[in-house]
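Produce the entire structure from the sequences given, and follow the hints as far as they go.
Top line first, the protein sequences correspond to chains A and B. If you read the first sequence in this note's numbering, its first letter stands for residue 116, the second for the next number, and so on. If you read the second sequence in this note's numbering, its first letter stands for residue 110, the second for the next number, and so on.
Just so you know, these hints were derived from the structure itself, not from any lab. Because the structure is a prediction, the values reported are computed rather than measured. A virtual CB, placed ideally from N, CA and C, is assigned to each residue, including glycine. Mixed in with the good hints, there may be bad ones.
[Said to hold, decoys possible] With a cut-off of at most 25 Å between alpha-carbon atoms, the simulated SDA-like pairs for lysine to any residue come out as follows:
(1) K377(B) to T453(A)
(2) K699(A) to F664(A)
(3) K302(A) to H317(A)
(4) K377(B) to P645(A)
(5) K1169(A) to D1030(A)
(6) K559(A) to H209(B)
(7) K238(B) to E737(A)
(8) K122(A) to G391(B)
(9) K699(A) to E984(A)
(10) K1159(A) to S1048(A)
(11) K238(B) to I630(A)
(12) K377(B) to D660(A)
(13) K377(B) to E121(B)
(14) K238(B) to T453(A)
[Said to hold, decoys possible] Quick partial rundown of chain A residues pointing at chain B, CB under 8 Å, derived from the structure:
(15) N341
(16) L370
(17) K635
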Amino acid sequence: MKSTITKPKSVLILGSGALKIGEAGEFDYSGSQAIKALKEEGIHVILVNPNIATIQTSEHLADRVYFLPVEKDFVAGVIERERPEGVLLGFGGQTALNCGLQLEADGVFERYGVRVLGTPVAAIRLTEDRQLFADSLAEIGVQVPRSRAVGAVEEALVIAEEIGYPIMIRSGFSLGGLGSGICPTKKSLRDTAVKALALADHILVEEYLHGWKELEYEVMRDGQDNCVTICNMENLDPLGIHTGESIVVAPSQTLSNEEYHRLREISIRVIRHLGIVGECNIQFALDPESDECRVIEVNARLSRSSALASKATGYPLAAVAARLALGFSLTEIPNAVTRVTMACFEPALDYVVVKIPRWDLRKFRRAVKTIGTGMKSVGEVMAIGRTFPEALQKALRMLEIGARGLIGDQQISFDDLEEELRHPTDERIFALARAMDAGWTLEKIHDLTRIDFWFLHQIEEVVRIAATLRQFAGGDLPGGVLREAKQAGFADEQIGLLIERSEDAVRRMRRSRGIVPCVKQIDTLAAEYPAATNYLYLTYQGREDDVTFDQKGESVLVLGSGAYRIGSSVEFDWCCVNAVRTLKKLGYRTLMANYNPETVSTDYDECDRLYFDELNLETVLEICAKERPKGVVVSMGGQVPNILAPQLAAAGLPILGTSSASIDRAEDRHKFSSLLDSLGIDQPEWTEVASIEEAAAFAEKVGYPVLVRPSYVLSGSAMGVAVNGEQLARFLARAEDVSLEHPVVVSKFIMGAKEIEMDAVAANGEVEMYAISEHVENAGVHSGDATLVLPPQRTYLETTRRIKRITREIARALEVSGPFNIQFIARENAVKVIECNLRASRSFPFVSKVCKENFIEAATKAVMGEKVEWRRRSFFELDYVGVKAPQFSFTRLHGADPVLGVEMASTGEVGCLGDTFSEAFLKAMHSVGYPLSIGSVLLSTGPIESKADFLEYARILASMGIRFYATRGTGEFLARNGLETTILHWPLEKGEPNVMSTIADGNVDLVINIPKNFQEEEVTNDYLVRRQAVDFGVPLVTNLQLAKRLVEALQGMKREDLLIKSWEEY
Amino acid sequence: MRATLLLEDGSEWAGELFGGCFPASGEVVFNTGMVGYPESLTDPSYSGQILVLTYPLVGNYGVPQSRINGTADLARSPFESERIHARALVVAEYSRHYSHWRAAESLHAWLDREGIPGITGVDTRALTKRLRHRGTMKGRVILSDRESPAPEPEYDALVQLVSVTEPTIIGSGRQRVALIDCGAKAGIIRSLLQRGVSVLRVPWDYDLSSERVDGVVISNGPGDPKLCGPTVENVRKLIEDGSIPLFGICLGNQIMALAAGADTYKLKFGHRGQNQPCMRVGSRRCHITSQNHGYAVDDRSLPEGWQPWFFNANDGTNEGIRHRDKPLRSVQFHPEARPGPVDTDFLFDEFVAMLGSKGGGK
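Here it is in structure tokens:
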């Protein structure tokens, strides 16, 4: 039937900005798919998203890209210039939705005749206001948890008495459950309510459904009222743990047909009643012992769960949702996977999917490790198997936290198992296995955790198999035992640990018995129809492959980046996607391996074959044994594939580009250091130690402070700066805990130096393309947390000349072919190398987009031995400046110390362009939550040198008429210098006026707190000030250089100076 | 204990035995639904068939109490008849441990009690692909080489075997609907009772001309509709009369078509699942339906006065027919669901609304 819809000619899409906890890579997936779908419909697409590392902001997707804050005034400016006919609000998470609601309320859409496509704004409001939502669902006989909206703490206490404790607090308009919590007592209710009400006008006081099952359905509805549910998912962790923090299984495992379809029917009834058009997510609580159920929430937009559902089923939810928003019917859209059926159906899975969140809580000093109703995880992994244990154990390995599976590793131990089970942390799943191994009954474990017995039995099965394996320690495994273990997801290495044999020995044993995995396809229809795409996984529950391996032409396997975590995020997905695109252009068949459901690289249409599976030696070997690719690309996915290179090479796989020996020379401190010595390149003094005495002796020799870190560094895990012997001892204890195999390195920490990044591409050792960026912050702030400037504004020309020379020498010595990154520190033109990675770095998308040169395309050509062409445009000739700024998520990490240091802490980044540094800088800072103008500032500027250093800038602020609050030392210093301040008591002094109450009362627009120390372990006043700022959503600056640049920018720039210019116009 | 499924094409599918320790034989079919094994196994339409489930994990929520107490239980019971009709069950991963508040026993215990063998550990995806490529095949479950093979199902008499022998009246509603039981699922009876009508359940070959009823439902059932000659003949009389609303479901759709003078044919591997999209002819409305059939109506053969009502959006096959003027309609899918989506439940509302308003169908 011919469609009668009238498509808009141009559409504006709002992105989600920087990746943050609760809003991460899933929106690059959804936005990118939406843009692709709109382009296929011939629509002119305009995108606003300051997240420069995303695929959606690539040159090949949207027609116009604005690297601007997703904020109403900026978006209104874009609308005024671009005059789009339609706008999509559902593809950029809560950020885009909230921005859209404001624009609508302000009448911007009406003024410029912009049609909101898809779900109408009125319906969105119904889902966002919990009271309206509850009332609306009552009209169709659907129950929500008993609850009441309140605007004051006292009111909350009254309602709580009516409903009865424990009480659940929820906050409307939140991402990822921010400001939510379970309150067992009056006191905890008061504490939670105070904080939640600081972030929202009203909160919800709700009945708490302890131990109920939590389920989700992803639902699509078109303008003709056709409805389908794409996927249902069940949380292994019962209600009380945010779905983003839960282990999630698709499809549901413990629901009967009646329950499955009852919830499905309610989903459809609700989405129809609300009037959603497009995609939405609905969450249920289901009593495990009766027919009672509640609808917890509806997200009228693409969400984290919809990205997961999309990857779990193969159904391209976002692409279909975009077409539905244009007015297409589900019956008019083909099923992109089978190409013969259509989008109006419900996927049938013939495998099981397990998602596990990836946390990085150990990176944050003082952070509370327990998980609950608010999100803390920074990423997630998804594993596919034909048995639950297979998928579960794969997923646990994918987390890359050192676990080889559910069991068999010694390093995960618990001081108090019962406490761990009752009050879960990120490691509870391991505690379950530990408890079973220790002989606890499932009943006891169930009483503590409320996890359904079905899941407990499945986990017990893994424990049982492990016990069987241990009986064969040192010997050979019977084929049946080995096969059973492989079908339950045991890795060769894990089996090796259990039977005290090497991974390699287990692999030989396994292969000699003919036990190899099968390659199965995800086809959305459980084999009922043939699939035209190649979305694949490996399983040991099977006897034949779904695909053949005899295609013509050479293939190349690109290893992806795995889970997003602190230090490895969407930027590496951008690199992988661009590498695959380039390989296709060069005529290769492309194979991609990755397991992160939030990515574009795992979209069904990016590569020729997608292996949604593990990134480790065993799995890559199995894939290569079948595919026999020309080689493996390890330089695009960040550190995960990079550190795999030596093992892969040792196993005989061809590594494309820079050799694994060179990678090892760069990664191994000793080898790299002697290389630098032989080249006469300077580096900070360092040593490798095995004891605290050795470390202390070194530190005395070179002088404190010193930097302590393990030799293979992934975003500075376990790094620390020690200012004295006592601190040094403490860090060493922690570092050794992280990895026994890799020794600990202690190096001289140089203060007051600039840090400079070199991103480059070399072919056969010759540098073919490069970009130099400087940090705003002095050395000592992790490069991932630093504010990056391209081209450099404050670096001497002589310094850059030396950097270029050193880069060329290193590239030659290591015979680099492909992407690489070197970090330098410079003081008065003395340049030292602090790190070198022979892989794409975090800043590759930033430099590529600022310079308008695709560094990854060039790097991929170099890797494949093709000629690299560069227009040789010096980045100093750019007429504009690019600034990359980090996004922190401290508000979500209860207790974490929000201070910049050598350990990376940011969860995302933005990159903005401007005609001047200040313009680009302020746009970027605004994109990550800093204000464009302030009325008051709280100053606490640290040691006397930095107080003095900042004085000039305090004067600037004073001249702008900004009100000062200060802690005593800073206040007195400013008073001596003629600046008037309100002096506040320190938090621990308890007197009024106090810093804590002043921040809580909303009197402060910005907090500048320069710490006196590098890392403070104890609860200090400084820590409490910083924590109070993030808990009450007040922007915080903890770095002196950043504070100075911010003051200059605030002085020099007004909002109207921040130009609405698209990327193409620079 | 090992068990093997032997297919007509010679392929062997070995696994572990669970459930009843017996050999079996039957037509091998696959179902892509992810839930609902108690419903499917008791669906009389699976009579004479070996059921392969494509979803790998089966048995997770056990099997509820089989005794049914009162109408409330009837509405929720997952049983579609009083016994298992499938000849055998083939799965990838039988879940030995189950968990559900309604569960009374394991799937294994139930199959064992009913004497039905199950095989676990089979690559059901590979098996499904083979059935898709080669079409539905006959097969045998064998436990050892020495045993004597299980008797073949009486493929020609499946409906007779699953139908009732005597008419019974269920419910006390004023309006009465006759249900021609060719192997009716309990869900159909439930759906009718819920709407306040009483049900006169009659044997498959029962002549209704002497009964006073307000409407007639022709049920689902196993096998080839062309083997239901007496039913087709009885329905033909009802069609000619044209005054009593008729509603056919699944096999009932095929019987309706044959009675109207149209033809039916066997599908290569049928439709069995809970995700089949069906379009209503002349609209852009699409319904997700539950299906279990191996035969289809050839809607090009529909005589004057009849028109296709629904078609399968995946492969275009007929999913329902209706008479242009008379209240005569039938669907190929299962509006009573169980297992599967309840989206087309409204068809029962429409049918009940026609009762007593002779010729009221549009």
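Hint-by-hint comparison with the structure:
no. : hint                 : result
1   : K377(B) to T453(A)   : holds (19 Å)
2   : K699(A) to F664(A)   : holds (18 Å)
3   : K302(A) to H317(A)   : holds (19 Å)
4   : K377(B) to P645(A)   : holds (14 Å)
5   : K1169(A) to D1030(A) : holds (14 Å)
6   : K559(A) to H209(B)   : holds (18 Å)
7   : K238(B) to E737(A)   : holds (24 Å)
8   : K122(A) to G391(B)   : holds (23 Å)
9   : K699(A) to E984(A)   : holds (18 Å)
10  : K1159(A) to S1048(A) : holds (15 Å)
11  : K238(B) to I630(A)   : holds (22 Å)
12  : K377(B) to D660(A)   : holds (23 Å)
13  : K377(B) to E121(B)   : holds (21 Å)
14  : K238(B) to T453(A)   : holds (14 Å)
15  : N341                 : holds (5 Å)
16  : L370                 : holds (6 Å)
17  : K635                 : holds (6 Å)
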